[in-house]
Amino acid sequence: MTVFDVLNLAGTIAFATSGAFVAMSKKFDPFGVFIVAFVTALGGGTLRDILIGSSPVGWMKDTTYVYVITVTVVLAIIFRNKLKHLSKSLFLFDSIGLGIFTIIGTEIGIQANFSPVISIALGTMTAAFGGVIRDILCNEIPVIFRKEIYATASIAGAIAFIILHYYNVNNNITYVITTLIIIIIRLIAVRFKLSLPTFYTIKKNEL
Amino acid sequence: MTVFDVLNLAGTIAFATSGAFVAMSKKFDPFGVFIVAFVTALGGGTLRDILIGSSPVGWMKDTTYVYVITVTVVLAIIFRNKLKHLSKSLFLFDSIGLGIFTIIGTEIGIQANFSPVISIALGTMTAAFGGVIRDILCNEIPVIFRKEIYATASIAGAIAFIILHYYNVNNNITYVITTLIIIIIRLIAVRFKLSLPTFYTIKKNEL
Amino acid sequence: MTVFDVLNLAGTIAFATSGAFVAMSKKFDPFGVFIVAFVTALGGGTLRDILIGSSPVGWMKDTTYVYVITVTVVLAIIFRNKLKHLSKSLFLFDSIGLGIFTIIGTEIGIQANFSPVISIALGTMTAAFGGVIRDILCNEIPVIFRKEIYATASIAGAIAFIILHYYNVNNNITYVITTLIIIIIRLIAVRFKLSLPTFYTIKKNEL
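Protein chains in written order, with our numbering: chain W, 262 to 468; chain Y, 262 to 468; chain U, 262 to 468.
Quick caveat, the hints were computed from the structure, so don't treat them as lab data.
Just so you know, not all the hints are guaranteed correct.
When chains are identical, the list treats them as one kind, so a pair holds in a single copy or across two.
[Unchecked claim] Each computed BS3-like pair below joins lysine-lysine, with the alpha-carbon atoms no more than 27 Å apart:
hint, residue 1, residue 2
1, K454, K287
2, K408, K454
3, K288, K408
4, K287, K408
5, K454, K343
6, K349, K408
7, K287, K349
Note that this is a predicted model, so its numbers are computed, not measured.
Between the sequences and the hints, there should be enough to build the whole structure, so can you do that?
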C-alpha cells in the first residue's frame, strides 16, 4: 500500500462522509444515505469510466471501495453529532480528495492518449462530478456551479499536472505539487470567501 | 414464453404504469409521460448494462419492451381515471416487478462472475433505480431514499438469491422464494407502515 | 468542410447558447455556465454513444466541439445583454440544431443496423436530451416534457428520414426535407401556441 493509496482512501472517505451528511440533512433513510455517499465518492470516476468506455467501471472490479464507503457511512451515522465539530478535518480531507481524484482522472486521460484538454476534463470530472450527482439526487442545484472556487481549483491542478508531466518531472513530485496547488487554492478561496463572478443581469423571464 | 417472461412483462407493465401516473400527476404531455414510463421500467436495467459494459443496452436489441411500454402508456392515459381504483393491483404488480427485476440483475451479475456484493448491487439497481431516474426527471427527491421498505426488500431478496444459488437450489424454486421474500417484506412494510429510521438531528445549516 | 458540418456547428452553437443563458439566469458561475452549455450541446449525443456502446464518446475524439462551445460561452457571457434581442435568431438556430442533431442520431442508428424505432429514438435522443440534462442540472422539470411541440417535431423528422432513406432518396435531399419538416413544425407550433394535451384530472394525492 503506497502513500498514493492512503491519500486515495482519505479522499474516498472524505467524499463519502460529505455525501452521507448531505443525505442525512435531507432526512434520507440509511439506504439513501449509503447511495448518496457512494455516488459522491465514486460517481465522478464512474462517469469517467463510462465516457471513455472502460467497463466494467472501477468499483465493480475492486470492491475495496464499496467496503470502505459502507464502514464510512455506518460511522457517519453513529457519530453524526460529533462529526459536526470536525468540519475543519472534513474540509481538509475533502480538499485532499479533490487533489487525488484530479490526479487519478488526469493521469488516466494521459495514459489513454487523450488530448490535454480532454485529460484535464477527465481529472476535473473524476474529482468534482460525484458532488454534482449527489446534489441532483438530493434535488439541489449542484453547489459547484454556484459557490466557491472548487472545480476551478481542480482544473488548475490538472493543468499543472499536464505541464509537469510534459516536462517529465518525477511522478511523486508531480503528485505532491498538484495536490498542494489544489489544496492551497481552496484554502485561499474559502479563507477570503472568493468565488467566481456570476451574471445577475439576466432575468429568467427575459429569455 | 416461460413463466419467467410473463412475470418479467408484468413487472415492466407495472413499472411503466407507475411512471406514467407520476408523469401525469406532474402534467407532462404524452411524450413526457412516455419517456418517464420508459425510464421507470427500463432505466435500472439500462444503468446496469452501462456500468457492466454490456452494449448496446438490452432494449435496443429486443424492442418488445418498447412496444409493451408504448401500449401500457396509451392504456394508462385512456384509463387514467379508472386505474386509480386499481391501486392494490398496481401495488402487487409493482412488487412482482421489484422481485423479478432483482432476480434478473442479480443473476446477470453472477453469470458475469462479479462478486456477490456487486451482484446484489446489480440486482437492486435493476429493480429500484428506474424509480430513482423517474423521480429525478420529475424534479422530486427519489422516494426510495426516504419512504417505505423498498430497496431494502430488493436487497434482502438479492441476498436470498445469492445464498440459494450458492447451494445449487433449483432455479425455479430460487426464483419463487426470492420473489416471495421481496413481496412479503413489502406487504408487511406497507401494512404496518414500517420504514427505515432517519436521522433528524442534523440540520442543514449545521453542516 | 461541408454544408452539413456548417449546419452541425450552427446547431452546436445554438444549443450551447441556450444552455449558457439558462445557466446565467440561474446565477451560475462561469464554470457552471460552461458545463451547462456543454451538456446542452453534447449531452444528447453523449447519452446516445453510451447507450449504443460507442466509446470513447464523440467529443473526446474530436475536440473541435469543445473549443467551439468554449468560444460560444465566452461570447454569450460578454454579450449577454445584447443577445436577448436576438431571440428570433436563437430560435432559428435552435430549430436548425434540432433538425441536424435528429438527422445525425437517426443516421447513426441506421448505419449500426438498429431497427427503425430504435433509430428514431436515437435521433430524438441526440437532438432533445441535451436539453433534458440541462434542465436536470438546473433543478428544473425538463421543459420538453411539458411545453411546446419540441421532441414531437424531432420524432416527425426522424420518421421522415427513415422513410426517405428506405426509398433511397438522395442524402442531401433527405437532410433538407427532414430539417425543413422539423423547423416548420416548430414554427407552426410556436406561432399558434400549439402543444400536446396534458391530463390534468389526476391529482398527485389520488395516486
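Violated constraints from the hint list, given by number and in increasing order: The structure conflicts with no hint, since it agrees with every one listed earlier.
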